[in-house]
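Chains as they are written, first to last, in my numbering: chain A, 185 to 450; chain B, 254 to 653; chain C, 43 to 481.
The hints are simulated quantities; they were obtained by calculation from the structure and are not laboratory data. Since we're looking at a predicted model, the values are computed, not measured. It cannot be assumed that every hint is accurate.
Unchecked claim - For the chain C half of the interface with chain B, some residues (derived, Cβ under 8 Å), not all of them:
hint, residue
1, Arg57
2, Ala60
3, Glu61
4, Tyr67
5, Phe69
6, Leu118
7, Ser277
8, Phe284
9, Leu337
10, Thr441
The C-beta atom is built at its ideal place from N, Cα and C for all residues, glycine as well.
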Amino acid sequence: MEDMYHADRAMSTQQDIKIKADKVQVYYADNHAIKDVDVEIADKTVTAFIGPSGCGKSTFLRCLNRMNDTIDICRVEGDITIDGEDIYDPKVDPVQLRAKVGMVFQKPNPFPKSIYDNVAYGPKIHGLARNKAELDEIVEKSLRKAALWNEAKDRLTAPGTGLSGGQQQRLCIARAIATAPEVLLMDEPCSALDPIATAQVEELIDELRQSYSVVIVTHSMQQAARVSQKTAFFHLGNLVEYDDTDKIFTNPEDSRTESYISGRIG
Amino acid sequence: MQSLTLPFIAIAGLAVLGYFLAKSRALQVSEGDIRKLVSLPSQHALNAVLATIVPAVAAILLISLYVRLTDGTGSWFFQFVVIGLAVTGLALSLIGIKTETRARTFAERWILGLLIFASTIAILTTIGIVFSMLFETFNFFGQYDWRDFFFSTNWSPNFRGNSDLGIIPLLWGTLYISFIALAFAVPVGLFAAIYLSEYAGPRMRSVAKPAIEVLAGIPTIVYGLFALITVGPFLRDYFAAPMGFGQSASSVMTAGLVMGVMLIPFVSSLSDDIINAVPQAMRDGSLGLGATKSETIRQVVVPAALPGIVGAVLLAASRAIGETMIVVLGAGAAARLSLNPFEAMTTVTVKIVSQLTGDTDFASPETLVAFALGLTLFVITLGLNVLALYIVRKYREQYE
Amino acid sequence: MKTSLLAADARTKKRNAAEARFKAYGFAAIIVAMLALLILLTSVLGNGMSSFRQTYIALDVALPEEKLDKSGVRDLSVMSKVTTIGYAPILRNALLDALAAQGIETELSDKDIGNMISKEAAATVRNKVLANPDLVGQTVSFDVLASGRIDGYFKGRVTMESAALDGNTSPEALMIAQALADAGVIETKFNWNFFVWPDASDQRPEAAGLGVAILGSLYMMIVVLVLALPIGVASSIYLEEFAPKNRWTDLIEVNISNLAAVPSIVYGILGLAIFINFMEFNQSSPLVGGLVLTLMTLPTIIISTRAALKSVPPSIRDAALGVGASKMQSVFHHVLPLAAPGILTGTIIGLAQALGETAPLLLIGMVAFVREYPAAYTPDAGLFGEASTALPVQVFNWTQRSDPAFVERASGAIITLLVFLLIMNAVAIYLRRRFERRW
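Isolated chain A (complex conformation) (with noise of 0.2 Å):
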């Protein structure tokens, strides 16, 4: 009761809906890892996932672009609709959905290969270019959006590998961006970063704002203050309170959000 309660006053104080879950339970073999959760994420926003380790805040994350099909074990029940069109449909393919729904990951994982073969890789098995022109456009155009241009301009061709930390992170970030994607997902990418490339990534979340429904998950409440708009607060597998960011981290409805944000659970 309490729930439908919060998610009626974020929807209230909301523009487009992107993404809506309904009633989703995922469970690993028996275990059940989330449970009944229901949420509305809105476009052209940045929503934070927050809540201790293991409360099944990545593995919602990964429900979104069914990134959990790839775990044999893993099952999925209730209904997530992006723009009205339930994702978890049988005629929806997977590779569709996640060209639409980009990921970026807690590590930097660049391929092995050149800057520009990484950012080109998404471009190229979408087929999004139709020539060479068009393809140099699409890197320069993601780099420019991931902040990484000016200091990769002049080394596209070296091993994505050999860049620091932070610039991995936003080679990840412009390789995702490069598909064209409407909503950005993005699990704990700062947890290995150091500050200084920490503050690069969230300054680039705020831009990326402007153009795609951004959700992150993160271990760091200043975090979540710091880039989000809307703030979902998990634990043991639920979905405790969903609500603008100032509201959560002011003045929370529920007794666990105000555990968890004072620091007493986590």
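Following the hints, complete the assembly by docking chains B and C onto the known chain A.
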């Protein structure tokens, strides 16, 4: 060799004697209170046993080597030295037993020495391999021009002398067969590894993996017989003869295909290790961008694993080149430079076997050539192995 | 460009088709591998299972004193002057009697009928008589070996058509054999002798057995086990636990991984040059074979032993050192026992490899035709010094014979070899399952 029986029995007897003497002497010097001893009586006993055995046995090995090298005969002097050493070792260790003697340290030094010796056997083996072939190869090149050996395209040994012993037709057969084997085994092994690690469900895996492992455990003589009685006649009757390629059951194709089957598990298990070493994050990155599984494998996993796979292929090539029984039974004995894969050809290993079995005369070039062939084979495979192991090692370090 | 997720676009369809093709290639590869295994096993089993059965003729043989012991005093030294040539006609007469008793008429010559009995049979009967001279003068029932062709007829290898073209038998002989079989005189029984008898000459494949080969292989395995296990374990302990990290130990490591990949035939050359030509050990002896196989197996054992030692966590070593044990004691009292199952598994797998190895044994003369069971020790030849052969080499030997009956023998020998390997691997798997420890 019967002259060794007595020394060995003597040494064993002295060792047993030493064990009990040392133990009782240790108890005696401790005056019944073993807490006075720095080392336990059993450690004194162990030290005595080792001091008796180790120098004496080492002497046996050294002296028998010396006797062989100088063509002398050992007999009495030899037995005297060996048994003398054993007695001396025993006596010294017994005299050394005092309350403050660190028998454990001494015993452990003997053991460490034995461990070090054991680990040098691997080195000695390599030296043995190289020298056993090097000497006879020199003898061979004393009787036969090395240029003819390496550059002549004719192989026709003749036990009355005047043989042509050119390695080129043998190398050609070896490489041709290895090429066919790899052309079969690499795609099949690689795809099998990819399918098993990326696609197969647990049930499929539980059947296919052991089946492929069984293939790996089958001795090569079995593959050889398979080539001889099944694959050879089949290829002749259904391919070579109808298509006008020849009438021979032994052929490059027969040996190559069967060797290919033998190499499947080798390639697939090595590739499996290598593919699994590619971090999952790499796969997730590609899948997260909307790549299909096969795109991920072809464009991310395989390129990332490429150095390792190349290393695996080189190791497989080295195996194919050194394989003997399959080619002995499947490839034929005629040295021939031909492109027709359904013709019988022969290999370096086949000729090593044929020149060294039956009546051999270690003064004739026809026998000695086998050592030159062996050395060539060893050098080629060693080169491939070193290169492959280097590449694989570098590859693993990259992901560790 | 807004596209619906619910409808796959053309490009996605194409990509999915490529995906399906790729997956099919992978599946095909698995099928090819499994099919290869299946065909191989079918071929070997199909050719070899019949070697475990053998055709015998039940004969009541009259052993006339005037032929076998003219003196009548049953003196063995005199009786043994009658060779197998003297016994052959006696057996032939027994078979002729049996034909007459069954009322089987034939136009075949007596000699051709005698050829239905294996040449080995005369030797068998002679040995029985010499072992028990009192049999002379009596009529004794023997199950004697039928010749290879008759045996082949009952196993489907020899047909009426092939017999018509064969100098060693004839369709008439096969018809007689069929009639005798219908009458219960000829019977096909389990061939226990296949595992016991030694090899036989080219003309009598029906008498060829694996006895010497199994014994020789067993001796070699003993040599390998006794030498390779302690040396392998000792050198692994040194390299894993004591060796300083320097150029020398690096060299040893590279060397060991290279030795594991050296072609087996090279070890044969090593054995020939070092053990036979230089050390002058006996050719064809299990001792030399065992030494060669030991050197070949060492790298395998060392690699698996080191893996087993490595899997024992450092905390165990620390615990032992912490109560004042020396480094050596911590290794021998704690690490080694914990690593023992892994070492044992690796050793069994190494032994299985050695058991199936053929090429190096050819070079050290184990292809020789050996009919004497080798003794484990003789004062002349020393320990395991008598000439012998080995299972895989026996297979090779039989493939070189012209009589097709030897193909059956070779396949049968391979089945025997595979059964031994299967048992060894099963034991290794059992040990691994039973004692595997997860830290």
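Query raised in the report: Taking the closest Cβ pair, is Glu61 (chain C) under 8 Å from chain B?
Result: Since chain B brings a Cβ to about 4 Å from Glu61 (chain C), closer than 8 Å, the hint holds.
Query raised in the report: Is the interface hint for Ala60 (chain C) satisfied, with its Cβ closer than 8 Å to some Cβ of chain B?
Result: holds, 6 Å
Query - Agreement of hint Phe69 (chain C) with chain B interface, Cβ distance less than 8 Å - result: holds, 6 Å
**Report entry** Interface hint compliance - Tyr67 (chain C) to chain B, C-beta minimum distance less than 8 Å
**Finding:** Holds, because the Cβ-Cβ distance from Tyr67 (chain C) to chain B comes to roughly 5 Å (cut-off 8 Å).
Query raised in the report: Taking 8 Å as the limit, does the beta-carbon of Arg57 (chain C) come near enough to a beta-carbon in chain B?
Result: holds, 6 Å
Query raised in the report: Taking 8 Å as the limit, does the beta-carbon of Thr441 (chain C) come near enough to a beta-carbon in chain B?
Result: holds, 6 Å
**Report entry** Restraint outcome when Ser277 (chain C) is required to lie within 8 Å of chain B by C-beta distance
**Finding:** holds, 4 Å
Query raised in the report: Once the shortest beta carbon distance from Leu118 (chain C) to chain B is found, is it less than 8 Å?
Result: violated, 32 Å
Query raised in the report: Minimum Cβ distance from Phe284 (chain C) to chain B below 8 Å?
Result: holds, 7 Å
Query raised in the report: Does the CB of Leu337 (chain C) sit less than 8 Å away from some CB of chain B?
Result: For Leu337 (chain C), the interface hint holds, since the closest Cβ of chain B sits about 5 Å away, which is under 8 Å.
When the structure is compared with the earlier hints, a violation turns up for hint 6 alone.
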